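S.K.: Sequence:
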Amino acid sequence: MKLPKPLIAASFLFAMAGFAMAETIVVNPYGKYLEGEDVEVEMAQFAGRNPDGLYDILLKMKGAAAFNAGIDGKTIKYRAVHGGSGVDYQLNGKTRMSLRQNSGGSASTYQVFLDGRTISINEVKTKSQEVRPLHLLTASTEATK
Numbered sequence: 007m008k009l010p011k012p013l014i015a016a017s018f019l020f021a022m023a024g025f026a027m028a029e030t031i032v033v034n035p036y037g038k039y040l041e042g043e044d045v046e047v048e049m050a051q052f053a054g055r056n057p058d059g060l061y062d063i064l065l066k067m068k069g070a071a072a073f074n075a076g077i078d079g080k081t082i083k084y085r086a087v088h089g090g091s092g093v094d095y096q097l098n099g100k101t102r103m104s105l106r107q108n109s110g111g112s113a114s115t116y117q118v119f120l121d122g123r124t125i126s127i128n129e130v131k132t133k134s135q136e137v138r139p140l141h142l143l144t145a146s147t148e149a150t151k
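Each number in the working numbering comes from the position in the sequence shown (counting from 1) with 6 added on.
Note that these hints are calculated values from the structure, not bench results.
Some hints here could point you the wrong way.
Claimed, not checked - Cβ pair distances, simulated, as ranges:
(1) TYR36 - ARG106: 13 to 23 Å
(2) GLU136 - GLY99: 28 to 38 Å
(3) THR144 - SER109: 30 to 40 Å
(4) GLY89 - GLU129: 28 to 38 Å
(5) THR30 - ASP121: 29 to 39 Å
(6) SER126 - ARG85: 21 to 31 Å
(7) ARG55 - ALA113: 36 to 46 Å
(8) GLY79 - GLU129: 18 to 28 Å
Just so it is clear, the structure is predicted and the values come from calculations on it, not from any experiment.
Idealized CB from N, CA, C, for every residue including glycine.
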């Protein structure tokens, strides 16, 4: 059976498009690990900017505060929006985490809002190297299925 040339060409183009999409970087390969009282946070940042010009994130929170908030161990995507002197990360209009630039812009302050509490969290650089953003992405897409 002889296949028509347009069918072969179309098949080739679809295969190449699929390959190109597989090579697209979705998340920044460098994650962050943050911790504070009763909470540990793994964070991955999306590679592309959202309509506000900011980077949305994936957060996986663990610990007593996350458990009480009903999100212990879950990886959830949060939308970045402008907020004060920094960025708020929201889901359904509710802020879960904020990032504020200190005066001079040299340092950042992170806070999470869990179970009616405001908890300051700080990056642990040595543990940040162990965060696997692609694993967080996979976990977030599996959770939505």
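S.K.: Run every hint past the structure and note whether it holds.
M.R.: Taking the hints in turn, this is what the structure says about them:
no., hint, verdict
1, TYR36 - ARG106: 13 to 23 Å, "21 Å, holds"
2, GLU136 - GLY99: 28 to 38 Å, "32 Å, holds"
3, THR144 - SER109: 30 to 40 Å, "39 Å, holds"
4, GLY89 - GLU129: 28 to 38 Å, "19 Å, violated"
5, THR30 - ASP121: 29 to 39 Å, "37 Å, holds"
6, SER126 - ARG85: 21 to 31 Å, "22 Å, holds"
7, ARG55 - ALA113: 36 to 46 Å, "23 Å, violated"
8, GLY79 - GLU129: 18 to 28 Å, "20 Å, holds"
The structure does not agree with the numbered hints 4, 7 stated previously, though it agrees with the rest.
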